[in-house]
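Chemist: Here are the chains, one letter per residue:
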Amino acid sequence: MPDNTIFNKGDEVSRRQFMIGAARNCLGVSVLPMLGSTVATNETFAATPPMRRGAAKSVIFLNMSGGMSHLDTFDPKPDNDEVQGPTPVIDTSADNVRISGFLPKTASIMRHVTLLRGMQTNQGAHEQGQYLLHRSYPMRGTIVHPALGAWVMRLSGRRNTTIPGFVSIGGSAENATGGFMGAKFGGVPLGSANDGLKDSKRAHSVSESDFNRRLQLADKMNSTFHGKFKQKQIKTYHGLYDEAIKLMTSEDLKAFDLNHEDIKIRDMYGQNGFGQGCLLARRLVEHHVRFVEVSLGGWDTHNDNFVSVESRCQILDSALAGLISDLERRGLLDTTLVALGTEFGRTPDINENTGRDHFPRAFSGLMAGGGVKGGFVYGETDRKAHTVKEGVVTPGMFNATIGHALGLPTERVVTSPSGRPFTIGDEAKPVKEIFA
Amino acid sequence: MRLNLIILSILFVLHHNGGAQEIDYKKQIAPILASKCNSCHTAKKKESDKKPKAGLALDTPLGIRSGGVLEVGDALSSELYVRVSLPKNAEDLMPPVDDGGPLSSREIELIKKWIDDGARFSSSDAEGLSKLDDSLDARKVLGMPVREPNVDAISHLEGIGATITPVSVALPEYLSIEWISTYHKITDKEIEQTLHLAPNIVELDLSRTKLTNEGLKHVGKLGRLTHLNLSRTGIDDNGIKALSELKSLEWLNLYGTKITDASIPIIAKYRDLKAVYLWGSSVSDEGASSLRKSLPDAKVVRDTDARANRFNDLDEPNRFDF
Numbered sequence: 018m019p020d021n022t023i024f025n026k027g028d029e030v031s032r033r034q035f036m037i038g039a040a041r042n043c044l045g046v047s048v049l050p051m052l053g054s055t056v057a058t059n060e061t062f063a064a065t066p067p068m069r070r071g072a073a074k075s076v077i078f079l080n081m082s083g084g085m086s087h088l089d090t091f092d093p094k095p096d097n098d099e100v101q102g103p104t105p106v107i108d109t110s111a112d113n114v115r116i117s118g119f120l121p122k123t124a125s126i127m128r129h130v131t132l133l134r135g136m137q138t139n140q141g142a143h144e145q146g147q148y149l150l151h152r153s154y155p156m157r158g159t160i161v162h163p164a165l166g167a168w169v170m171r172l173s174g175r176r177n178t179t180i181p182g183f184v185s186i187g188g189s190a191e192n193a194t195g196g197f198m199g200a201k202f203g204g205v206p207l208g209s210a211n212d213g214l215k216d217s218k219r220a221h222s223v224s225e226s227d228f229n230r231r232l233q234l235a236d237k238m239n240s241t242f243h244g245k246f247k248q249k250q251i252k253t254y255h256g257l258y259d260e261a262i263k264l265m266t267s268e269d270l271k272a273f274d275l276n277h278e279d280i281k282i283r284d285m286y287g288q289n290g291f292g293q294g295c296l297l298a299r300r301l302v303e304h305h306v307r308f309v310e311v312s313l314g315g316w317d318t319h320n321d322n323f324v325s326v327e328s329r330c331q332i333l334d335s336a337l338a339g340l341i342s343d344l345e346r347r348g349l350l351d352t353t354l355v356a357l358g359t360e361f362g363r364t365p366d367i368n369e370n371t372g373r374d375h376f377p378r379a380f381s382g383l384m385a386g387g388g389v390k391g392g393f394v395y396g397e398t399d400r401k402a403h404t405v406k407e408g409v410v411t412p413g414m415f416n417a418t419i420g421h422a423l424g425l426p427t428e429r430v431v432t433s434p435s436g437r438p439f440t441i442g443d444e445a446k447p448v449k450e451i452f453a
Numbered sequence: 523m524r525l526n527l528i529i530l531s532i533l534f535v536l537h538h539n540g541g542a543q544e545i546d547y548k549k550q551i552a553p554i555l556a557s558k559c560n561s562c563h564t565a566k567k568k569e570s571d572k573k574p575k576a577g578l579a580l581d582t583p584l585g586i587r588s589g590g591v592l593e594v595g596d597a598l599s600s601e602l603y604v605r606v607s608l609p610k611n612a613e614d615l616m617p618p619v620d621d622g623g624p625l626s627s628r629e630i631e632l633i634k635k636w637i638d639d640g641a642r643f644s645s646s647d648a649e650g651l652s653k654l655d656d657s658l659d660a661r662k663v664l665g666m667p668v669r670e671p672n673v674d675a676i677s678h679l680e681g682i683g684a685t686i687t688p689v690s691v692a693l694p695e696y697l698s699i700e701w702i703s704t705y706h707k708i709t710d711k712e713i714e715q716t717l718h719l720a721p722n723i724v725e726l727d728l729s730r731t732k733l734t735n736e737g738l739k740h741v742g743k744l745g746r747l748t749h750l751n752l753s754r755t756g757i758d759d760n761g762i763k764a765l766s767e768l769k770s771l772e773w774l775n776l777y778g779t780k781i782t783d784a785s786i787p788i789i790a791k792y793r794d795l796k797a798v799y800l801w802g803s804s805v806s807d808e809g810a811s812s813l814r815k816s817l818p819d820a821k822v823v824r825d826t827d828a829r830a831n832r833f834n835d836l837d838e839p840n841r842f843d844f
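Line by line, the protein sequences give chains A and B. Numbered according to my numbering, the first sequence spans residues 18 to 453. Numbered according to my numbering, the second sequence spans residues 523 to 844.
Extracted from the complex, chain B is given alone in its bound form (with noise of 0.2 Å):
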């Protein structure tokens, strides 16, 4: 190809560029984010219901990453650079000049070198992560308060595979942790570092990971866990008894797992339970109806509504497969 040849052409001619001075976020650019743009663009609510500008809040680092305005290493392709660079009677200037814009040069330079060195947050990634407390528990958790979660953390946990996402643009410190494509490399040992984030984990998706009853008992001290799925995981009732301090869970999902009816009273603590997930694993008709009991408000999922309407093509497979 011609441009292969091109480019090799120039690389053994140029020589790369020495490393220059990183701009600290902390430092250099929250002081900008605070002082120009977070009065619109919060998380932090100030009447009730208020959602940041756009939909985007650039006063803590999720917002900023999540808000679809950072692309990373390439200021020139970042709204978040384009915007405040734009000529001063440009409609789409940030911030408008009624408030505030636009930015001093100075500063519009110092957001497209962070943006084009790869808007690190931190200056080094796994630095800084306390130890793992022994002694954590999920009352201790719900004792903690919700603040932001440390940047840290969430470099680690993402440098290890885990997809990490605030519920929702108005709720930036409560997050969900799921192992999208690396769930079949995750152990024990990755799912205890979500303990780093104990005090923001409200949903965690551990399905088809490599999660044992021995891991359960570090999911079990994530105790503002609303939403939990462990299907199609090797854990068994054993594990289960780990979790029976999660008293927020409302949404549970163990299909495809080997837990039976002696699972069944320990669900049938969460009062707050809206729906369980039962498909696939060894709970009998008998354990449901008991359940449903229970839990009367909650949807108790063991059958398709087709096998129960005996249509009989519709039934269970052999195997569970990817």
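Chain A with its partners taken away, still in its complex shape (with noise of 0.2 Å):
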């Protein structure tokens, strides 16, 4: 991380911890502190309604961090030993599409999935290709841009206004800002999807009929005073009371809570972080959360590839084939897409330590639910997986294509306060062929 970042975010986590530390002694309550981020937001209204009907009303996004090998999971080469490899490749229930045999479940629900076989990006290294991915600019020292669930945010707001309306499972908590925009279109990190959210129930020491009276008492003044005084600070603390208030007494916090899932929904997304991950990402989207983003890293594979991926595709198989079937049978399938990304793939050719090594110039992601085609294949590399022959993604075309999932307006320009535009995509189009 560059050192820039923390200093450019001194306001921001100062302003935070004073609003926190305000909601504790004025309230007698601890306000979760991960929550800081979404305090400041004022939305009276619902979400504004998208460009077209029938848009994706929530989005899943899945990060493979560490750079997806493209060759072992979805564009394998069966008919290219030497590239190949030990991968075993396997039929799925989407006529003509194979896929790596490390993904069995995957291949049931391949029938709903659009691969992206020509990604493309321009970054090499993991934390700019991290960056760019999500943000769909390359890294700059002077400015930082806003993660896509920010954009989310931003353009089309939360559509439920009791909890964060973007939350960002399992990774770094760099995905989750909102950069130039602001700590108030960034969204919640949860490390692990166990913890749920914390710090959201009133104090023991608290009584409910005294900390209504607490509640009224601080209504009363605040109103009074905001009455007289229209600045935008004060609101801002206004909206903490809020929105901490709402929090403590929601019936959507149970939405954080995977205690109360049956167990064999749990062990069908995996008994792991990634797996309980998803979970928790079906449970907010039912609750009408609009950006979920929940990572699994672990794909630098240099070194003993095979062996590697092959592990980090048992994870990623339960909890995906888990999550699209869990979706379609609930009927959310159709308003929610499901994203899976990577910063890059990983060399054809196989190196000394039966590794393979960073390739920016072509791999997979892909995309499922929310109007996309299923059983549906863009873009193909050349027989090596080593060039993208047709259909190239870039980064910002794939989040401009998110964005059009969710009927955003994907040309609106944002400008920073520096008085820079900026667009979701960085002016990149969506692939509108995916979409059914």
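Please note: incorrect hints may appear among the correct ones.
[Claimed, not checked] Example chain B residues on the side facing chain A (calculated, C-beta under 7 Å, incomplete):
| no. | residue |
| --- | --- |
| 1 | GLY590 |
| 2 | PRO688 |
| 3 | VAL689 |
| 4 | VAL691 |
| 5 | SER703 |
| 6 | TYR799 |
[As the list claims (entries may be wrong)] Quick list of in silico lysine-lysine cross-link-like pairs, BS3-like style, CA-CA up to 25 Å:
| no. | chain 1 | residue 1 | chain 2 | residue 2 |
| --- | --- | --- | --- | --- |
| 7 | A | LYS449 | B | LYS796 |
| 8 | B | LYS791 | B | LYS769 |
| 9 | A | LYS390 | B | LYS796 |
| 10 | B | LYS815 | B | LYS796 |
| 11 | B | LYS732 | A | LYS271 |
| 12 | A | LYS449 | B | LYS575 |
| 13 | B | LYS796 | A | LYS281 |
| 14 | B | LYS796 | B | LYS821 |
| 15 | A | LYS446 | A | LYS390 |
| 16 | B | LYS707 | A | LYS271 |
| 17 | B | LYS821 | A | LYS390 |
| 18 | B | LYS635 | B | LYS662 |
| 19 | A | LYS201 | A | LYS281 |
| 20 | B | LYS635 | A | LYS446 |
| 21 | B | LYS634 | A | LYS201 |
| 22 | B | LYS653 | B | LYS635 |
| 23 | B | LYS653 | B | LYS634 |
| 24 | B | LYS769 | A | LYS449 |
| 25 | B | LYS549 | B | LYS635 |
| 26 | B | LYS763 | B | LYS780 |
| 27 | B | LYS653 | B | LYS548 |
| 28 | B | LYS653 | A | LYS390 |
| 29 | B | LYS732 | B | LYS653 |
| 30 | B | LYS763 | B | LYS796 |
| 31 | B | LYS796 | B | LYS739 |
The set of hints was computed from the structure by calculation and includes no laboratory data. None of these values were measured; they are calculated from a predicted model. For each residue, glycine too, the CB sits at the ideal point set by N, CA and C.
Mind docking these for me? Both chains are given alone in their own frames, and the hints should help you get the complex.
Modeler: Printed below as a string of structure tokens:
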């Protein structure tokens, strides 16, 4: 992480800490520390309507961190042993679509999936690659670009205004940044799916009636004060109370608690961080959270590629197949886009450590649900999985496509505080061919 | 905290500002928008497929509210005010100088005060709601013209916890109604109130509400419904009978309900149906198969792909719980 990000965020952190302290002292509650990023929002109305009817309402973004090997997952080359190595290849529920044998459960849900086999990036290092994937813009020293989830918040707002609209599970906190848009569009980073939201219960030392009385008092003082001084900063403090109170009394808080899930369902997703993260993502989407990211690391397979990728795939396979089929049977897949991305692929040539190295010029991603075609492949690499022959998709196009799926105005320009214009996909166009 | 002390001390010194004259949206704001803004920012399509400029329709209350330009109670944070109050040479000024901008200072002041006062579209929220028509039925609703939804009815429904959104920017008169974080409190009584917007409602989400068979009689009158979500409610075959007139249904979610094969003949009559969800209901394999035969183009979801592919660890849950 570059040093400058810490300094850029200096104001944000201290303000957030101040607000948390204010709520604790004033109301006798501790407000979830990680929730500071959402408390500044003040949305009276529900989300902006989509640009077209039938657009997706939520996105689950699966971030394969470390650089997922395309050959050993979604773009195998069974006729070319030289690059394929020992990874087996299997048929799927989609005609003429074959994927890695490490993903047998995923094979059963391929009829819901569009594979993107022409992914391409210009970043060959992890941090820069992840940055571009999440934000559509290359890393610069002078500005912090907002993450995709922040763009979604900015362009359309939250649907459920009692809980955060953007949640990032298990990855770097950077994935949830609001960047130059400010903390109010940023997401809530959750370390682990099993922890849920912390500090969102009323302290035992404060009785319910005491709590309500304090609220009423705070309310009364505030409304008089606000009537007199309509300053934005003061409103922000008011927003803090509203949000914290809503959360503590909200039925929606249950969305964060995986103990409400049947053990069979928990097993189906896989009893590991990523699997449970995907299950949490489904619960959040059921509660109308707009953007959920779940990260799975460990794809940086310079050594022992085939052993490592197989073990990553076991985790991915149960979680992805479980997620898609669970969304489908609940009727949620029509309105939920599941997108899987990674910062780059891995070399078709196998190195001396039976590993694969970084490979930005050709790799794979996928999208499912949210109006995209099922059993469809967009883009193709050559017989060595070395060069994209057709259907290039850059990170900017990938993000613009997610925006299009949600019915967002993808060409809308948002200006940074320094006056520079930005769009959700760095002016890239969405790939409309993948929509049914 | 130091700031709290400051706030407190200021509070004790100052008095609340007395109520000034409230701005009337229909008489004072709508005419400004109509004459200066709506030639571009309109939901009424002139040519086929034309969208309002910047996806923002300023000619209907819903368009204004859902366009992302309004921060209620705070004009300085509302694009609707900020953009019209810019200096004449500013690039982002609305309306542009070529299109009759800027507004007069009085007009700008009216917009500011209206937003600061809460951007109300009707003077009194529940007032002016017509009595529910007892003779309403699906066919009657279909015969009604589709026009701008009643603002009072929208305020009223939002007041009882509904989330109301136009289905798209270009279709502000067609509404989707959901109960997003209020579902656990919603009973047949609240659901009946949706009838005030009957000609406008095309999508209705009643998932996890306290809806009963009795409440489904109201739903059965919403003749324009294309999307209906009844999942995880207490309804059964007796209730489904009340929906037989909903001929436009394209998407029906019945997962986690008690319906059985007895409801299949009614569902089979929805000729436009594209998807129906039956997982966790009491519909049998045979029931689902017969529905697939009657509606060959519809997706009938009862089982998971994984189960169909014999992954036995992808199993049915013992209970539904949130």
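Chemist: Next step is simple, just say for each hint if it's right about the structure.
Modeler: For each hint, the structure was consulted:
{"no.": "1", "hint": "GLY590", "in the structure": "holds, 5 Å"}
{"no.": "2", "hint": "PRO688", "in the structure": "holds, 4 Å"}
{"no.": "3", "hint": "VAL689", "in the structure": "holds, 5 Å"}
{"no.": "4", "hint": "VAL691", "in the structure": "holds, 5 Å"}
{"no.": "5", "hint": "SER703", "in the structure": "holds, 5 Å"}
{"no.": "6", "hint": "TYR799", "in the structure": "holds, 4 Å"}
{"no.": "7", "hint": "A:LYS449 with B:LYS796", "in the structure": "holds, 22 Å"}
{"no.": "8", "hint": "B:LYS791 with B:LYS769", "in the structure": "holds, 8 Å"}
{"no.": "9", "hint": "A:LYS390 with B:LYS796", "in the structure": "holds, 15 Å"}
{"no.": "10", "hint": "B:LYS815 with B:LYS796", "in the structure": "holds, 13 Å"}
{"no.": "11", "hint": "B:LYS732 with A:LYS271", "in the structure": "holds, 18 Å"}
{"no.": "12", "hint": "A:LYS449 with B:LYS575", "in the structure": "holds, 22 Å"}
{"no.": "13", "hint": "B:LYS796 with A:LYS281", "in the structure": "violated, 30 Å"}
{"no.": "14", "hint": "B:LYS796 with B:LYS821", "in the structure": "holds, 6 Å"}
{"no.": "15", "hint": "A:LYS446 with A:LYS390", "in the structure": "holds, 18 Å"}
{"no.": "16", "hint": "B:LYS707 with A:LYS271", "in the structure": "holds, 15 Å"}
{"no.": "17", "hint": "B:LYS821 with A:LYS390", "in the structure": "holds, 14 Å"}
{"no.": "18", "hint": "B:LYS635 with B:LYS662", "in the structure": "violated, 42 Å"}
{"no.": "19", "hint": "A:LYS201 with A:LYS281", "in the structure": "violated, 37 Å"}
{"no.": "20", "hint": "B:LYS635 with A:LYS446", "in the structure": "violated, 40 Å"}
{"no.": "21", "hint": "B:LYS634 with A:LYS201", "in the structure": "holds, 24 Å"}
{"no.": "22", "hint": "B:LYS653 with B:LYS635", "in the structure": "violated, 33 Å"}
{"no.": "23", "hint": "B:LYS653 with B:LYS634", "in the structure": "violated, 35 Å"}
{"no.": "24", "hint": "B:LYS769 with A:LYS449", "in the structure": "violated, 31 Å"}
{"no.": "25", "hint": "B:LYS549 with B:LYS635", "in the structure": "holds, 14 Å"}
{"no.": "26", "hint": "B:LYS763 with B:LYS780", "in the structure": "holds, 14 Å"}
{"no.": "27", "hint": "B:LYS653 with B:LYS548", "in the structure": "holds, 23 Å"}
{"no.": "28", "hint": "B:LYS653 with A:LYS390", "in the structure": "violated, 46 Å"}
{"no.": "29", "hint": "B:LYS732 with B:LYS653", "in the structure": "holds, 24 Å"}
{"no.": "30", "hint": "B:LYS763 with B:LYS796", "in the structure": "holds, 20 Å"}
{"no.": "31", "hint": "B:LYS796 with B:LYS739", "in the structure": "holds, 23 Å"}
In summary, the structure is inconsistent with hints 13, 18, 19, 20, 22, 23, 24, 28 from the numbered list given earlier, while agreeing with the others.
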